[in-house]
Amino acid sequence: RKEVEQDPGPFNVPEGATVAFNCTYSNSASQSFFWYRQDCRKEPKLLMSVYSSGNEDGRFTAQLNRASQYISLLIRDSKLSDSATYLCVVNPPGFQKLVFGTGTRLLVSP
Amino acid sequence: EPEVTQTPSHQVTQMGQEVILRCVPISNHLYFYWYRQILGQKVEFLVSFYNNEISEKSEIFDDQFSVERPDGSNFTLKIRSTKLEDSAMYFCASRGPWSEKLFFGSGTQLSVL
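Sequences listed follow chains L and R, in order. Per my numbering, residue 1 is the first one in the first sequence, and the count goes up by one each step. Per my numbering, residue 1 is the first one in the second sequence, and the count goes up by one each step.
It is worth saying that the hints were derived from the structure and are not from the lab. For clarity, every value in this text was computed on a predicted model and none was experimentally measured. The beta carbon of each residue, even a glycine, is placed where N, CA and C say it ideally should be. Possibly wrong hints are sitting among the right ones.
Unchecked claim - These stretches of chain L come out as covered by chain R in the derived footprint (C-beta under 8 Å, 3 or more residues): (1) 44-55; (2) 96-109.
Unchecked claim - Under the rule of at most 30 Å between Cα atoms (straight-line distance), these lysine-lysine pairs were calculated in the DSBU-like manner: (3) Lys45/L to Lys2/L; (4) Lys97/L to Lys78/R; (5) Lys79/L to Lys57/R; (6) Lys101/R to Lys45/L; (7) Lys57/R to Lys42/R; (8) Lys97/L to Lys83/R; (9) Lys2/L to Lys42/L; (10) Lys57/R to Lys42/L; (11) Lys42/R to Lys97/L; (12) Lys79/L to Lys101/R; (13) Lys42/R to Lys42/L; (14) Lys42/R to Lys101/R; (15) Lys78/R to Lys101/R; (16) Lys79/L to Lys78/R; (17) Lys97/L to Lys101/R; (18) Lys83/R to Lys2/L; (19) Lys83/R to Lys79/L; (20) Lys101/R to Lys57/R; (21) Lys57/R to Lys45/L.
Said to hold, decoys possible - Restraint ranges, calculated between C-beta atoms of paired labels, are given here: (22) Ile20/R to Arg59/L: 38 to 46 Å; (23) Asn28/R to Gly16/L: 40 to 48 Å; (24) Asp62/R to Gly94/L: 38 to 46 Å.
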């Protein structure tokens, strides 16, 4: 089983739509979880950390389900500028490294 | 916002040549990383560096790779004898002592011919 698994997409949605991405991770003892955004051929940028209680930042909501080893990201009222690849990222226990999923590509059209 | 800077942005080299990729992490950060991303693939961890030594490395980071922090500001990745499969975008990253947030540089695109 891959350490971090994501549906690569692409997800094609119209502006204003709500879209959700999911991610599963294999190491049940992982402690830290993140969503990063990556634009084409650019560096990853932290979008938000994911907390056990779930958290929201504007139009973005992240959820963590430890029992199912599952992380989600919900984007409401999609904008054209949301078009990017969304990377699910996990910090395995006892390690300093971050483990990246392959990313889910989102295309928002007018 | 403070930035991690990487130079050069593009590097073209011949197979078998040595390359050095350079990074200037954010000044008060203590943890430094190199990641790479082959075109169309995921971001992969190479090495982490703390307190002037390697704290963790991946299977990719073999004897051909080395890292150094020569002067307290620069953080370099050296590939001794490049192979075609080393062609990738190499990202440097750093983080502060009390934060999980990783700041990435804009990357060096390495092309091995």
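Hints versus structure:
Counting residues of the region 44-55 of chain L whose beta carbon lies closer than 8 Å to any beta carbon of chain R gives 4, which reaches the threshold of three, so the coverage claim holds. Given as covered by chain R, the region 96-109 of chain L passes the check, having 8 residues with a CB less than 8 Å from a CB of that chain where 3 are the minimum. Only pairs whose Cα atoms come within 30 Å are accepted, and Lys45/L paired with Lys2/L is accepted, the gap being roughly 22 Å. Under the criterion of a C-alpha separation no larger than 30 Å, the hint pairing Lys97/L with Lys78/R is consistent with the structure, at around 20 Å.
Restraint check for Lys79/L and Lys57/R: not satisfied, since their Cα atoms lie roughly 38 Å apart, outside the 30 Å limit. Note on Lys101/R and Lys45/L: the hinted pairing holds, with a Cα-Cα distance of about 10 Å set against a maximum of 30 Å. Our distance criterion of 30 Å between C-alpha atoms is met by Lys57/R and Lys42/R, whose separation comes to about 17 Å. This hinted pair checks out: Lys97/L and Lys83/R have alpha carbons roughly 25 Å apart, not beyond 30 Å.
With a C-alpha separation of about 24 Å, the suggested pair Lys2/L and Lys42/L falls inside the 30 Å cut-off, and the hint holds. For the given pair, Lys57/R sits about 23 Å from Lys42/L by alpha-carbon distance, which is consistent with the 30 Å threshold. Restraint check for Lys42/R and Lys97/L: satisfied, since their Cα atoms lie roughly 14 Å apart, inside the 30 Å limit. With a CA separation close to 25 Å, the supplied pair Lys79/L and Lys101/R stays within the 30 Å bound.
For the proposed pair Lys42/R and Lys42/L, the alpha carbon gap of about 13 Å is at most 30 Å, so the pair holds. A hinted pair counts as satisfied when its Cα atoms are at most 30 Å apart, and Lys42/R with Lys101/R qualifies at roughly 19 Å. For the suggested pair Lys78/R and Lys101/R, the alpha carbons sit about 25 Å apart, so the restraint of at most 30 Å is met. This hinted pair does not check out: Lys79/L and Lys78/R have alpha carbons roughly 41 Å apart, beyond 30 Å.
Taking the CA atoms of Lys97/L and Lys101/R, the gap is about 12 Å. The hint holds against a cut of 30 Å. A C-alpha spacing of about 26 Å is found between Lys83/R and Lys2/L, which places the hinted pair at or below 30 Å, so the restraint holds. A hinted pair counts as satisfied when its Cα atoms are at most 30 Å apart, and Lys83/R with Lys79/L does not qualify at roughly 41 Å. Distance check on the hinted pair: Lys101/R and Lys57/R sit about 19 Å apart at the alpha-carbon level, within 30 Å; holds.
Restraint check for Lys57/R and Lys45/L: the C-alpha separation of about 22 Å stays at or below 30 Å, so the hint holds. For Ile20/R and Arg59/L, the Cβ-Cβ distance of about 42 Å falls inside the hinted range of 38 to 46 Å, so the restraint holds. Taken as a hint, the range 40 to 48 Å holds for the pair Asn28/R and Gly16/L, whose Cβ atoms sit roughly 41 Å apart. For the pair Asp62/R and Gly94/L, the beta carbons lie near 22 Å from each other, so the given range of 38 to 46 Å is not met.
Hints 5, 16, 19, 24 from the list above are not met by this structure, while the remaining hints are.
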